[in-house]
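Using the sequences and the accompanying hints, generate a full structural model.
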Amino acid sequence: TIPNQTLHTINGIVINKATRQPVKGARVSIKNENAVTSLFSAISEGGSQNQTDEQGRWSYKELPPGKYTVTVQPPYSYESPEEKNKQKVKTPKLAQLRKEIVVEEKDLTDLVLELGYGTTISGTISFDNQQILPSSITITAVDENGKFAESSNLYTQYTNDGKPIQAKIQDFKIEGIPNGKVFIKTDIRAYGEDDKQAFYVKSILYNGRDVSSSPLETKEGEEIKGVQIILSNDVGKLKGKVTRTDKTAVSGAKIFLLPTDKTKWANYNASLYAATNSDGEFEVSGAPGEYFVVLQKDSDYLNEEETEKSLPEQRRELFEKQTLNASKATIKAKETETIALILPE
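Residue -1 is where the sequence shown starts when you use our numbering, and the numbers rise one by one after that.
A couple of the hints might just be wrong.
[Claimed, not checked] Subject to a maximum C-alpha distance of 20 angstroms in a straight line, what follows is the list of computed EDC-like cross-link-like pairs (lysine to aspartate or glutamate): (1) 15 to 108; (2) 171 to 221; (3) 237 to 288; (4) 22 to 142.
Worth flagging that the hints you see were computed from the coordinates, not collected in a lab.
Please read all numbers here as calculations on a predicted model, not as lab measurements.
Here it is as C-alpha cells:
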C-alpha cells in the first residue's frame, strides 16, 4: 500500500559562522530517520546530495512528513572574500554539521545552517624502535558516537628518480573536526609485506598521557598539537579452528578478540577480527596481551534504532554480554599461540 501523503519542500542557506558569508560548494545531504530500508530507498539516499550555489542556497522537494537529519559537508576548499587578503592568514578548515529537523504539515524554508571552524589535530607517527614506517597509514579522528570521521592519509614519498624515501618519523594533520569528543584510530597498510597486521598502535601520547583509550576534547577553531602515535612490530599471532559439536569444520565463522582489560574497550585499535576459511581455520595478529575470544552471531551487533543510550554505552553493554562466557587466549610478542573453538548449538 502506498500511503497518500502531502509532500513538502525544505530549503535554506549555508553560511560561515565566523564571517557570516555564504558558503559555495558545500555538500548537503538529507536522511529520513523513519524511512524503511529498501533497494529504492538506498538508491534515493545515494542521490540525495546537492551542492550549495553561489549564494550558499540549497533545497529539497517532495519530502514526506517525518524526522530528518541534514548533514552539511564543507567544500573541498574554501576561502571567504575576507580571507583572501594580502597577509593570507591561515584559517582552520570548516567542520561538518549535522542538524535534526522535523517536517510536519508545512514546508520548511529559509533554514540557516552555520558551519563553524573545526579543530585541527596534529603530531607525529613513528615506531618505538626506530623502524622504517609502512608505505600507507590512515589516521582518523572518530566521533565517540560514530556520527562522523575525519582522516589524514600518509603515503611513502619518492625521489625524482622513483626511489622511495624511507622515513622513521612522519608528521600528520587532521582538519575540520567538529566540536565534541573524538578517538584517534590508525589503519596501517604495509604493501609488499606478507602480513598486513605486522604492526599495532602501542600508544597515543598527548600532554604526557596515553589517550588511545580515552577521547580528546575538541573545540571550535582549536588546534591540538604534539600528539605522538607510537607503533610497534612486536606482534604475536593466534591460530585456531572452529568446529561444531560433531567435529565438522565451520566455514565463515566470525571471530572477535576483545582485551580482557576493560579500560581498553573504548580503543578502536585494541580489538581484533578474523573469519574462518573453508577448513574452519583462522589466523589473526595483534598486540601482546590477554583477550576474550568471541564467536559472533548475527544478533551480536548494535541496535541502530536505540536512541536512549549513547554509542559508548551500547558498545560496553554489548561487550559485557559477548564476553560473559567467552574463552580467553593470550597473544605473546613474536610467538604463535593456538586455540580450538566449538560452535555452540
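*Could you grab the alpha-carbon distance between residue 237 and residue 288 and see if it respects the 20 angstroms cut-off?*
14 angstroms, holds
_residue 171 and residue 221 were given as a pair; does the straight-line alpha-carbon distance stay at or below 20 angstroms?_
10 angstroms, holds
*asked:* Just to be careful, I want the Cα atoms of residue 22 and residue 142 compared with a cutoff of 20 angstroms; is the pair within it?
replied: Not OK: residue 22 and residue 142 at ~29 angstroms, beyond 20 angstroms, violated.
*Under the criterion that the straight-line Cα-Cα distance not exceed 20 angstroms, is the pair residue 15, residue 108 satisfied?*
Distance ~16 angstroms between residue 15 and residue 108 Cα, so the pair holds.
Checked against the numbered hints above, the structure breaks only hint 4 and satisfies the rest.
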